[in-house]
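Turn these sequences into a full structure, and let the hints guide you.
Quick note: the sequence shown uses our numbering, first residue 148, plus one each step.
Keep in mind that a hint or two might mislead.
[What the hints assert, rightly or not] Derived Cβ-Cβ restraints for the label pairs, each shown as a range:
| # | residue 1 | residue 2 | range |
| --- | --- | --- | --- |
| 1 | Gly239 | Ser191 | 37 to 43 Å |
| 2 | Lys212 | Asp237 | 18 to 24 Å |
| 3 | Asn171 | Arg236 | 23 to 29 Å |
These are computed hints drawn from the structure, not numbers from a lab. Heads up, the beta-carbon is just placed ideally off N, CA and C, and yes, glycines get one too.
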Amino acid sequence: MREKQHNESQEDYLEAIYTVNQRNGYCRSVDLAEQLGYSKASVSVAVSKMKAEGLIIVDHAGLLKLTAEGEKTAKYTLQKHVLIRKLLRDIGVEEQQADREACKIEHIISEETFQKLTEAAKNHATFCR
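In structure tokens, the structure reads:
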């Protein structure tokens, strides 16, 4: 269970930092702005807030690194996104629409519902009835 709730915007930022770091081996503010399609100014404000809340560290080279709490939130958000997108694709939703809607659903789905979807996905036959 998550100890602290983060807002939708923070979850999107943390997920994006995690994704960019996985893809490139590093993440700078400019990479984050590009990934999310946000202005550098918006990213700068968000980075400052997440740094103050202990979710990220900005090193001497300007690289964004997730703290343990930031990484936990990022991985959990990404896990929800991936599963929801897959389930939507499995029922025939077009890929881009599935991705957009998974991004919205990942923030509002309860932990209980997400766990039940995870269990159901493991037994994919549940969705074929």
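Beta-carbon spacing of Asn171 to Arg236 - inside the hinted bounds 23 to 29 Å or not: holds (26 Å)
Distance restraint evaluation - Lys212, Asp237, Cβ atoms, bounds 18 to 24 Å: At roughly 35 Å between Cβ atoms, Asp237 and Lys212 fall outside 18 to 24 Å, so the hint is violated.
Go ahead and decide if the range 37 to 43 Å is satisfied by the Cβ distance of Gly239 to Ser191. holds (40 Å)
Of the numbered hints given earlier, the model fails hint 2 alone.
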